[in-house]
Amino acid sequence: MKEMSRIVRTVTNFVYGFIIIFGFYIIVHGHLTPGGGFQGGAVVGSAFALLLVSYGSLNSKKFLKKDIFSLFENFGLILFIVLGFSGLGITFFYNFLANSGGWFGNTAVIGVNPGNMNTGGVIPLMNIAVGLEVLSAFGVIVLTMASAAEFTKKKENS
Amino acid sequence: MKKIIFGIAFIIFFSFLIVSAINMRTFGEPTFSEMDDYFIENAQSETGANNVVTSIVFDYRGFDTLGEATVLFTAVVGVVALFRGVKK
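Heads up: the protein sequence lines correspond to chains A and B, in order.
Residue numbers for the first sequence follow my numbering, beginning at 1 and rising by one.
Residue numbers for the second sequence follow my numbering, beginning at 159 and rising by one.
Some clues are possibly wrong.
Cβ pair distances, simulated, as ranges [stated by the list, open to error]:
1. 174(B) / 109(A): 23 to 33 Å
2. 210(B) / 103(A): 35 to 45 Å
3. 225(B) / 13(A): 14 to 24 Å
4. 158(A) / 221(B): 20 to 30 Å
5. 82(A) / 178(B): 52 to 62 Å
6. 10(A) / 222(B): 36 to 46 Å
7. 242(B) / 92(A): 31 to 41 Å
8. 242(B) / 99(A): 26 to 36 Å
9. 153(A) / 171(B): 45 to 55 Å
10. 242(B) / 49(A): 45 to 55 Å
11. 222(B) / 78(A): 50 to 60 Å
For the record, the hints were derived by calculation from the structure and aren't laboratory data.
On a predicted model such as this, the values are computed, not experimentally measured, just so you know.
No residue lacks a Cβ here, since even glycine has one placed at the ideal position from N, Cα and C.
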């Protein structure tokens with residue numbers, strides 16, 4: 001995959017940071033606003049796909065590392081399962097942090113939230129874990145397929 | 159003989175479909191609403207999250223979300239295993 005024209009690369013340089021920040025906003029605010037781990041992870045993954053398409057697979061290998069994405073994916077899934085198991089004193093996936101006063105433990109105002117993000121118990125942590133898993137899953141899939149396309153093109157030419 | 163048995167079975171099956179279509183509720187009415195009322199009443203105070211949908215997805219039905227995340231992980235493992243022979 002070759003890199004695209006200078007116009008596309010300039011627009012990508014302007015836009016990709018905002019896309020990644022918006023995706024992380026959706027992930028972190030999952031317990032207050034519509035969205036959550038899956039949706040925000042998909043948004044961040046689309047930013048990675050944009051970088052890969054505009055810069056080509058050879059250039060983007062310098063700043064998108066497949067091994068780091070793979071590590072983050074495993075870390076996200078393991079964090080999610082550990083959070084599920086840590087409520088096992090009562091039931092599997094019990095929300096043991098909610099309304100406890102500690103981490104994310106404030107009681108929520110019924111109705112409109114005035115911006116208190118420190119609520120939700122284990123839900124924001126699970127959102128972050130799932131978001132980390134989904135965004136690195138998209139990165140791994142896109143990078144693997146791009147390198148495979150490069151390989152087949154090289155094989156056909158030789 | 160085979161055709162007659164098949165025809166009778168088809169008629170019985172189709173009459174079940176007709177009866178259930180006649181007895182169906184009007185469009186949009188849920189069959190049971192006790193669970194919806196429980197979620198709307200207690201989800202915000204029990205889980206502390208103002209987004210009721212997220213509190214259902216990640217708290218009440220967390221096991222389902224674990225399955226979804228595992229499905230995505232399996233998809234990634236499948237893609238990587240499919241292209242494992244590709245040199246960098």
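Verification of the hints:
1. Between residue 174(B) and residue 109(A) the beta carbons are some 50 Å apart, a value that contradicts the proposed interval 23 to 33 Å.
2. Taken as a hint, the range 35 to 45 Å is violated for the pair residue 210(B) and residue 103(A), whose Cβ atoms sit roughly 22 Å apart.
3. At roughly 39 Å, the beta carbons of residue 225(B) and residue 13(A) sit outside the given window of 14 to 24 Å.
4. The hinted range of 20 to 30 Å is not satisfied by residue 158(A) and residue 221(B), whose Cβ atoms lie roughly 50 Å apart.
5. Distance hint check: the CB atoms of residue 82(A) and residue 178(B) are about 45 Å apart, inconsistent with the given range 52 to 62 Å.
6. Checked against the hint of 36 to 46 Å, the pair residue 10(A) and residue 222(B) passes, with Cβ atoms roughly 43 Å apart.
7. For the pair residue 242(B) and residue 92(A), the beta carbons lie near 34 Å from each other, so the given range of 31 to 41 Å is met.
8. Judged by the Cβ atoms, the range 26 to 36 Å given for residue 242(B) and residue 99(A) is violated: they are separated by roughly 47 Å.
9. In this structure, residue 153(A) and residue 171(B) meet the distance hint of 45 to 55 Å, their C-beta atoms being roughly 54 Å apart.
10. A C-beta distance of roughly 22 Å is found between residue 242(B) and residue 49(A), which places it outside the suggested range of 45 to 55 Å.
11. The supplied range of 50 to 60 Å is broken by residue 222(B) and residue 78(A), whose beta-carbon atoms lie about 19 Å from each other.
Taken one by one, the earlier hints fail for this structure at numbers 1, 2, 3, 4, 5, 8, 10 and 11, listed in ascending order.
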